[in-house]
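Take 38 as the starting number for the sequence shown in the working numbering and just add one per residue.
For the record, the hints were derived by calculation from the structure and aren't laboratory data. Keep in mind it's a predicted model, so treat the numbers as computed, not measured. Some hints could be false.
Computed Cβ-Cβ distance ranges for the label pairs, DEER-style [unchecked claim]:
#1 R51 - L71: 21 to 29 Å
#2 R40 - R65: 25 to 33 Å
#3 M38 - T60: 29 to 37 Å
#4 E39 - P64: 42 to 50 Å
#5 K80 - A52: 43 to 51 Å
#6 A74 - R51: 27 to 35 Å
#7 M38 - K70: 39 to 47 Å
#8 R65 - M38: 31 to 39 Å
From the three backbone atoms N, C-alpha and C, an ideal C-beta is built for every residue, glycine too.
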Amino acid sequence: MERELRAERAAAGRASAKARGKTGGRPRTDIVKLRDAKVLYDKLWQDGGRSLQGRWSR
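Build out the structure end to end from the sequences listed, making use of the hints.
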């Protein structure tokens, strides 16, 4: 019974927020930041991780 009440209240809250124009969830990642992160990742790992030795291994 308690589970049903919580689910009902949560659904009502989401409907209320939607009526006010609010959206839930995680914000979308900026495309430029995503591209830059991929370039950096690829650059660091292209040599098999040798460029990362000494940075995180302690």
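Cross-check of the supplied hints:
no.: 1; hint: R51 - L71: 21 to 29 Å; verdict: 28 Å, holds
no.: 2; hint: R40 - R65: 25 to 33 Å; verdict: 32 Å, holds
no.: 3; hint: M38 - T60: 29 to 37 Å; verdict: 30 Å, holds
no.: 4; hint: E39 - P64: 42 to 50 Å; verdict: 32 Å, violated
no.: 5; hint: K80 - A52: 43 to 51 Å; verdict: 46 Å, holds
no.: 6; hint: A74 - R51: 27 to 35 Å; verdict: 31 Å, holds
no.: 7; hint: M38 - K70: 39 to 47 Å; verdict: 46 Å, holds
no.: 8; hint: R65 - M38: 31 to 39 Å; verdict: 38 Å, holds
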